[in-house]
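Put together the whole structure using the sequences plus the hints.
Note that the protein sequences, when read in sequence, are chains X and Z. Residue numbers in the first sequence follow our numbering, run continuously in steps of one, and reach 594 at the last position. Residue numbers in the second sequence follow our numbering, run continuously in steps of one, and reach 361 at the last position.
You may find that some hints are simply not true.
Said to hold, decoys possible - The list that follows gives simulated cross-link-like pairs (lysine-lysine, BS3-like), each with its CA atoms no further than 25 Å apart:
1) Z/K121 x X/K577
2) Z/K70 x Z/K286
3) Z/K121 x X/K533
4) Z/K44 x Z/K194
5) X/K588 x Z/K194
6) X/K533 x Z/K354
7) Z/K354 x X/K376
8) Z/K44 x X/K376
Said to hold, decoys possible - Quick list of the computed label-pair ranges, beta carbon to beta carbon:
9) Z/I302 x X/I505: 46 to 52 Å
10) Z/S164 x X/E171: 39 to 45 Å
11) X/I505 x Z/S164: 44 to 50 Å
What the hints contain is simulated information worked out from the structure, not anything from laboratory work. Heads up, the beta-carbon is just placed ideally off N, CA and C, and yes, glycines get one too.
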Amino acid sequence: MSEYIEFDKDHHEHHPKETFITKWIFSQDHKMIAKQYLFTGVIFMGIIGILMSSLIRMQLAWPEEPNVIFEFLLGKWAPEGVMDADIYLALVTMHGTIMVFFVLTAGLSGTFSNLLIPLQLGARDMATGFLNMIAYWLFFISTVLMVASIFVEAGPAAAGWTIYPPLSALELAQPGSGLGMTLWLISMAVFIASSLLGSLNYIVTIINLRTKGMSLTRMPLTIWAFFVTAILGVISFPVLLSAALLLIMDRSFGTSFFLSDIFIQGEVLHYQGGSPILFEHLFWFLGHPEVYIVLLPALGIASEVIATHSRKPIFGYKAMIMSILAIAFLSVVVWGHHMFITGMNPFLGSVFTFTTLLIAIPSAVKAFNYIATLWKANIQFNPAMLFAIAFVSTFITGGLTGLILGDSALDINVHDTYFVVAHFHLVMGISALYGMLAGIYHWFPKLFGRMMNKNLGYIHFWVTAVCAYGVFFPMHFIGMAGLPRRYYTNSNFPLFDDLADTNTIITVFAITGALIQIVFLYNFIHSIFYGKKASQNPWNSTTLEWTASIKHIHGNWQGKIPEVYRWPYDYSKPGYKEDFVPQHIPLKKGEEEY
Amino acid sequence: MITLFITLILIFISIAIWQMIKIFDLTRALKGEKIDDSQIANDKDNRVNARLMLGFLAFIYGITIICIIKYGHFPLITDAASEHGVKSDTLMISTLGLIFIVQTITQFLLHYFAYKYKGQKGNKALFYTDNHKLEIIWTIIPAIVLTGFITYGLLTWADVMNISQDDDVMVVELYAQQFNWKARYAGNDNSLGKSNVRLIDIDRANILGIDESDPNASDDIITTELHLPVNKPVLFKMRSQDVLHSAYMPHFRAQMNCVPGMVTQFLLTPTITTEEMRNTPNMIDKVLTINQIRDEKNKKLIEKGEEPLDPYDFDYVLLCNKICGKSHYNMQMKIIVESQEDFDEWISKQTIFKNSLIAQN
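Listed below in structure tokens is the structure:
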């Protein structure tokens, strides 16, 4: 801590000597930690997650044919190139776990909360850099454990990312529930510890370290989103931790929290009195807020990117804040909509239908406000803006089908079919991914001091956008034909034979969509080293991060921390020659704030 | 193998395009043209991408239309084979209608505005921060529409979940285990014998753990096919012996999880017999299409010298719809809905529990 107190004197006298290790590995600097999250969470885990989804799609499109790719990548789990059914479930499970927790929770929040909270608030660093470093390294450990679990003898966890017991609790039920599941649970416990430390740090920083003049209603919407996300994380992740611990007890110490009356492989087990439904409650008490932990940062990033690149204030700033708060509040009282048909009391089903459909109101407000922001704008189609617009598009498409799934009477028909897969991939998977990509394109100059190539960005965007719809739109319809998810192959039901060609088309889109990410990866890595040098404020943005030094230094600003005099969205304000007025420019005499 | 080839070809094509772009840029540089390498969108980028936005809107509409035409008969929306299914279909269709309208309008506005208000150098956007009237309108309208849909949904839900225990209801147990289903009929007394997995005795063929000392148990009937008399309410009692399963009967719009350690239930009244369902126009079309697909496959199979597939005829089916392990994808049971007489005849041929036990010496 001592080194930061010096900065508060607004002097920049001397650095403590930096070694390779303190600068690149055990760094306490928020910008370096953001980059570490970006590389571990987004890039590394992202590649694994996407690769797994490609394998899943290939299996679904060509279930009976031997496939050299399977043979090459899966080895003994694909004898003669035919994928093993247990491994299919393991791939589905690990794809879900990695994407939801590692890429879209830790990767997304970790990168952008760490980068932007101090920079946009005018703070020298996070409230405690040490905890921040610990949070990252705990995340790293959990990543290592999760990746290691893929290589264990009997295969990784395979009970679905929701790991419902008894399937996840009993090794007799499936091989993945042995060592693979143990590693999964330990990895998640460490992950949750990391997430809690990170979230606490974000909350404390936002409450305490805002620069002079940065009142709560002058914070950029990104910060509002990160703030609420962190609070949601602190409320809900401990519940998953308790569920994981109880499951570990059931698995290893013979307790019966979630298990009762089980006869498997010819023997009666001793478990008595527990309930798997209890686990479902505990899991979804995190699981549903988790959806918004993934989505809210993307909403925040989209708000910022849309306002900046359309050169127009975000429409209804206060309504945007209110709707973030409303969504966050509702998100902790809707978890039961994942459980309508689990045997839960039907009256509870009614309550959860009611609260769930209410979420549509703040979501609709958000969508309309984005559209209103585009009206009479002066849109600069940088790749970041394209992804932000596509975000709104998939958020609407995916969100609307929530009206069917959130309605208990209709959920009976389409629960656990491909309709659900289509819905959540669009509304949280693809949307959050677009938010993340918009963020990477927009803040790349801040992260690495260089620009990404825009033409490669355009190719990346348009192919990705077409493929995302190509994959997930038809999935609604095969879901409405009653096709269940998590089936290794559909060929055992002649009833679904007429859906096979659609599955092939979806796979072609999916593989193209996965391959085009190579363009992004190339652009990303190439630009880090050879990209065009960025100017101080390449997008003519109003927020504080663009006043900080381009070269990453401890403490972010060479001299004084800028003071803030206005809200963050003074774009195209009448009375100014430029079409943006940064937050640190004082109001003119007689000028109203907004 | 083909996949690998396609993958490699795609990779090479992308490399080729990238190199061509580079060469193109280099020649322009050699000609002395000024290149804008700021990596920030200029007017030309704005124009191109704005047009592509309109193109993308057309793509979204196109894919919607194609999907609706291709799947126009919506198997989960038409021909519900149960009493409550017809009501939930009406709710489904009206919700889909609402979604379709909102989707069409909002996507249009989003992409059209993106196209129309593309950036131009020297232009300035309108400084328009908020409009309370407008915001109240688009808060209130969704709120009113949703109130309607919530009420409608809750009424339907209450209807579907209403389990009234009149004498007229036939009780059937659905028993799940990795990876198959059993059905247990209550017999003449219409009440199931007590059961617990601890009573399972494989040697005596008491596979469902039925309490032999319970007088209600003796006339229970265990089957591997689910026969239901048409127009008679059936109360399903679901049990599982190992992990979570889910009894999914899409044609009846019915689904309920089977949870070890407890009994869940679902009430439905089948209204269309298997025979009648086979003769609905949608089903005739569907079966025809599927058999064409299977014929195509058979040609390949015969070439390889393998057994051809049987021709398909429609049957209702009970699927497992909760991930339950290796053979989850093949956990199914045939459902036959028939007239009361046919049902009575079938059930009279089944062995009752008391007689199915293997006597031990």
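Hints and how they fare:
Restraint check for Z/K121 and X/K577: the C-alpha separation of about 13 Å stays at or below 25 Å, so the hint holds. A C-alpha spacing of about 12 Å is found between Z/K70 and Z/K286, which places the hinted pair at or below 25 Å, so the restraint holds. For the hint pairing Z/K121 with X/K533, the CA-to-CA distance comes to about 23 Å; that is within 25 Å, so the pair holds. A threshold of 25 Å between alpha carbons decides the hint, and for Z/K44 with Z/K194 the separation of about 77 Å lies outside it, so the pair is violated.
In summary, the hint linking X/K588 to Z/K194 is not supported, as the alpha carbons are separated by about 83 Å, beyond the 25 Å threshold. Pair hint X/K533 plus Z/K354 does not hold up; C-alpha atoms about 85 Å apart against a cutoff of 25 Å. Restraint check: the Cα-Cα separation between Z/K354 and X/K376 comes to about 80 Å, which exceeds 25 Å; the hinted pair is violated. With a CA separation close to 19 Å, the supplied pair Z/K44 and X/K376 stays within the 25 Å bound.
One distance hint, 46 to 52 Å for the beta-carbon pair Z/I302 and X/I505, is violated here, with the actual separation near 27 Å. In this structure, Z/S164 and X/E171 meet the distance hint of 39 to 45 Å, their C-beta atoms being roughly 43 Å apart. In this structure the hint that X/I505 and Z/S164 lie 44 to 50 Å apart at CB holds, the actual value being about 46 Å.
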